[in-house]
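Q: Okay, here's what each chain looks like letter by letter:
2 protein chains.
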Amino acid sequence: MRIGELARESGLAVETVRYYEKEGLIAAPPRSPAGYRDYSSLTLHYLNFIRSAKAVGFSLKECRDLLAIFVSRDAHTCAEVKGLSEEKLTQLEQQMEALQRMHQTLKAISDACCGGDESAVNCSILDQLEGKKP
Amino acid sequence: MRIGELARESGLAVETVRYYEKEGLIAAPPRSPAGYRDYSSLTLHYLNFIRSAKAVGFSLKECRDLLAIFVSRDAHTCAEVKGLSEEKLTQLEQQMEALQRMHQTLKAISDACCGGDESAVNCSILDQLEGKKP
DNA sequence: CTTGACTCTGAAGTTAGCTTTAGGGTTTAT
DNA sequence: ATAAACCCTAAAGCTAACTTCAGAGTCAAG
Ligand SMILES: [Zn+2]
Ligand SMILES: [Zn+2]
Ligand SMILES: [Zn+2]
Ligand SMILES: [Zn+2]
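Residue numbers (our numbering), protein chains in the order written: chain A, 16 to 149; chain S, 16 to 149.
Calculated directly from the structure, the hints in this document are not laboratory data.
Hints are supplied without guarantee of correctness; some may be wrong.
Because identical chains share one entry, a pair is satisfied inside a single copy or across any pair of copies.
[Unchecked claim] Heads up, simulated EDC-like pairs for lysine to aspartate or glutamate below, C-alpha to C-alpha not over 16 Å straight-line:
| id | residue 1 | residue 2 |
| --- | --- | --- |
| 1 | Lys-122 | Glu-108 |
| 2 | Lys-69 | Glu-102 |
| 3 | Lys-122 | Asp-142 |
| 4 | Lys-37 | Glu-133 |
| 5 | Lys-122 | Glu-102 |
| 6 | Lys-69 | Glu-145 |
| 7 | Lys-147 | Glu-30 |
| 8 | Lys-122 | Glu-101 |
| 9 | Lys-76 | Glu-38 |
| 10 | Lys-147 | Glu-133 |
| 11 | Lys-122 | Glu-24 |
| 12 | Lys-76 | Glu-36 |
Note that the structure is a prediction, hence the values are computed from the model and not measured.
Could you put together the complete structure from these sequences and hints?
A: What follows is the structure, given as structure tokens:
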């Protein structure tokens, strides 16, 4: 199949598919006489794999590593795959905690403000951001 | 004070301070005869403000807007400031939810894998990422 | 046979928030 | 007086993951 169909099937943009090839995520496919990329359905599986991996937080680099495992599964172990998953889970947790801290801080600051139509001259939010003690 | 001291006091890098000036977050200060930037302590307050705002998730652009309010507080209202805060709180919540969804999905996938030293030929993580039904 | 949809390449542009580089003056301490 | 530490500029580079552009060739339908 040509790149347009592959893109449609995988839900990616055509340019993204070419980009993934350039970045070494998928192999360069054979070409038609006119120079068009000619993909097998295997590539669709790879793109779906990438899309799923991205959807749970893996970067393209990490997707490339995971995909390398995927294409030669017998040379790798469950331990290795699960290790990468758990590493990513830890990263996600850390990111959530960082956001949580920001949210808590901002919520406390925000809640202290009256939110009224009066002038912000004495707004506690601005004071807090400046570093003034409450 | 010169830029080095200002940077030390604010906890920012010297280049960052110049960058903020270029981006319009802080005004260009007067210069010494030798051409050195000569800051008043007011700028330190502004930089602290920016650092705090960034720490709770505001982008530099948003910091610039907040700072504009900060420097002319009497022309703005608490409602306006609190509105921006609450908008940001909502964004933070959405980001946390997105991470939460990723985490839940990946955790479910990861938990199903034995994690053993056996070959990954039948690894359920890889199967799930490929899109196979379990 | 022509029109519109599709494909190709390589390079450059995008966003955010800096950091680095290159090359050159100034201040301060010893 | 000299060396370390500081300051200046403009421009380029960095990361991530694409997207856009310019210009040109190919395919399918009517
Ligand atoms: Zn108020
Ligand atoms: Zn207020
Ligand atoms: Zn297993
Ligand atoms: Zn497994």
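Q: If a hint holds in the structure, say so; if it does not, say that too.
A: Hints, verified against the model:
no. : hint                 : in the structure
1   : Lys-122 with Glu-108 : between (20 Å within a copy, 11 Å between copies)
2   : Lys-69 with Glu-102  : within (15 Å within a copy, 27 Å between copies)
3   : Lys-122 with Asp-142 : within (15 Å within a copy, 41 Å between copies)
4   : Lys-37 with Glu-133  : neither (57 Å within a copy, 33 Å between copies)
5   : Lys-122 with Glu-102 : between (30 Å within a copy, 11 Å between copies)
6   : Lys-69 with Glu-145  : between (39 Å within a copy, 12 Å between copies)
7   : Lys-147 with Glu-30  : neither (50 Å within a copy, 26 Å between copies)
8   : Lys-122 with Glu-101 : between (31 Å within a copy, 8 Å between copies)
9   : Lys-76 with Glu-38   : within (9 Å within a copy, 32 Å between copies)
10  : Lys-147 with Glu-133 : neither (20 Å within a copy, 59 Å between copies)
11  : Lys-122 with Glu-24  : neither (43 Å within a copy, 27 Å between copies)
12  : Lys-76 with Glu-36   : within (13 Å within a copy, 35 Å between copies)
In this structure, the hints that do not hold are numbers 4, 7, 10 and 11, in rising order.
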